[in-house]
Amino acid sequence: MDKRRNSKGGQRSRRGILLDDDDDARGDSQNFWGPCRTLHDYFIDLSGKRASVREEALSTILKALTLNIEQKFVELNFVTLVYQCLHFIKKGSPTEMKQAAHIIGLLSMITTTVEKVHEAYEDVLTALSQGGLKPKLKTLEILGCLTVVTFFGASNSDETESVMKLLWDLINPGTDSSIERKDSPAVLTAMISAWSFLLSTIDGWRLSHKNWQGAITYFSNIIDSDDEELCAAACEALALVFESNCLEKFSSATKDSNKELKDNIIKQLRSRLSETGNERISSQDPRTGFNSASAALDFLEDRKCANTHVTIGGQKLILSTWSQKVQLKFLKHFLRNDGFVKHMMVGLMILNSSLFMLLTFLFHEQENENFHNVFDFHPKRRNDWGNVLYVPEREEVTILLFRPMVARHNDCSLLPSLTRDKQLAKKKTMSPNSHLSKARTQLLKKQRDLSLKEREFDCFDY
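Take 1 as the starting number for the sequence shown in full-length UniProt numbering and just add one per residue.
I should point out that these hints are in silico values taken from the structure, not numbers from a laboratory. One or more of the hints may lead you astray.
[To be verified] Below, simulated SDA-like cross-link-like pairs (lysine to any residue); rule was C-alpha separation at most 20 Å, straight line:
#	residue 1	residue 2
1	136	171
2	116	43
3	422	437
4	91	64
5	259	204
6	138	184
7	116	79
8	90	133
9	332	307
10	332	200
11	90	136
12	316	339
13	134	186
14	91	43
15	267	222
16	90	47
17	63	111
18	210	242
19	267	304
20	165	129
21	90	135
22	304	264
With the sequences and hints as input, model every part of the structure.
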């Protein structure tokens with residue numbers, strides 16, 4: 001028989017090459033012959049039957065979108081990728097679900113098509129608002145996915161606020177405190193950070209008057225938490241609330257009561273910072289370069305956000321508002337440090353040389369214009385090949401000499417030189433062996449031949 005089963009099953013022999021019957025047969029044959037697999041190959045593998053093949057494809061695509069951006073790939077496969085990833089979120093394994101959620105967030109921040117990212121926002125919100133998938137919002141990756149898609153895909157403040165309300169119902173479920181206690185500090189911190197991240201995109205006067213009542217009291221109670229990151233998230237949320245200048249939307253108290261509430265928060269922060277000692281005061285978040293608790297205390301006391309800066313690729317990004325600081329911290333956490341720098345910085349500069357254009361085409365890098373618009377950060381284009389801006393393939397040197405005309409016949413001292421020049425000119429023009437004479441002879445010969453042919457044709461005419 002041509003097909004022979006192996007004792008392990010699921011394999012067959014064809015022309016001496018061992019192939020698998022399942023979906024990764026194509027990948028094994030490609031590895032045998034040695035061609036490099038492209039991102040499109042992994043995109044096709046998302047439809048494979050084996051979970052290990054799908055997880056490897058998701059991991060590769062996730063890494064590529066994080067570190068290489070892959071703008072063309074995203075624009076060509078955006079819709080299909082979003083629907084496939086939503087399928088993994090609904091019915092995939094935990095690993096597939098987390099990777100797929102992260103990929104949807106990356107797709108929304110890379111694409112430049114407004115219609116596509118808004119459609120992704122609607123699809124993700126619809127899927128996660130369903131009863132069966134709503135508990136998955138407490139998964140950090142899915143929470144980040146929904147937040148990033150809303151940040152880049154929501155077309156107005158009402159759409160953003162609807163997602164904030166969905167998160168707020170998870171953060172503060174109401175009088176039933178048993179629901180809150182089930183969440184770990186890490187999950188609660190992520191939900192508060194996501195809520196603050198979306199709040200940073202809305203002007204205070206656009207916010208609803210009834211959705212956020214009691215938010216100031218809730219966050220002020222969290223300041224006393226033993227978890228440092230949870231306390232930092234609450235401080236950032238409070239700083240954003242006070243920066244919005246719409247305290248009446250976050251508290252039902254009067255202006256005098258709001259002033260008293262603010263004074264109590266300042267006392268809480270002072271007490272916490274004094275109890276924890278100077279170590280926590282001097283410690284800085286590596287993602288933002290400042291300490292949230294001490295910075296919030298300074299802001300509430302002086303009503304002025306101190307300017308800070310973060311160095312990205314040798315260039316400074318100045319943060320002058322709490323909104324910018326919160327956005328930077330969240331996006332840097334979502335992309336990790338390497339991915340954030342990659343999305344912020346520009347790629348190689350194409351030079352006026354065919355060699356450098358070829359290298360730039362082969363090892364191309366791209367930039368994420370969406371990030372530049374968010375932070376108003378426009379990095380200078382640089383040349384990664386060193387200080388040499390242009391290397392010519394060949395060198396040409398042209399020398400122009402100016403020789404002024406001198407009336408030498410009036411100078412009797414130059415008679416020997418004049419005689420020599422005349423003899424040389426006569427030799428070049430009058431000598432029968434000169435090039436000029438030879439050329440004249442060849443020209444006359446051609447003219448005679450032409451005259452003879454013309455005469456022959458004249459004779460035939462008669």
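Now for the hints, and whether the structure bears them out:
1. 136 to 171: The hint holds at about 14 Å.
2. 116 to 43: Cα-Cα ~19 Å, so holds.
3. 422 to 437: Cα-Cα ~17 Å, so holds.
4. 91 to 64: Violated - the C-alpha atoms of residue 64 and residue 91 are around 24 Å apart, more than 20 Å.
5. 259 to 204: holds, 18 Å
6. 138 to 184: Cα-Cα ~10 Å, so holds.
7. 116 to 79: The given pair, whose Cα atoms are some 7 Å apart, holds under the 20 Å limit.
8. 90 to 133: holds, 7 Å
9. 332 to 307: Holds. Residue 332 to residue 307 sits at ~19 Å (cutoff 20 Å).
10. 332 to 200: Distance of about 15 Å is within 20 Å: holds.
11. 90 to 136: Given pair residue 90, residue 136 holds - Cα atoms ~9 Å apart, limit 20 Å.
12. 316 to 339: Holds - the C-alpha atoms of residue 339 and residue 316 are around 17 Å apart, at most 20 Å.
13. 134 to 186: With Cα atoms ~18 Å apart, residue 134 and residue 186 stay inside 20 Å; holds.
14. 91 to 43: OK: residue 91 and residue 43 at ~18 Å, within 20 Å.
15. 267 to 222: holds, 14 Å
16. 90 to 47: holds, 15 Å
17. 63 to 111: Distance of about 16 Å is within 20 Å: holds.
18. 210 to 242: Cα-Cα ~17 Å, so holds.
19. 267 to 304: With Cα atoms ~18 Å apart, residue 267 and residue 304 stay inside 20 Å; holds.
20. 165 to 129: holds, 12 Å
21. 90 to 135: holds, 12 Å
22. 304 to 264: holds, 19 Å
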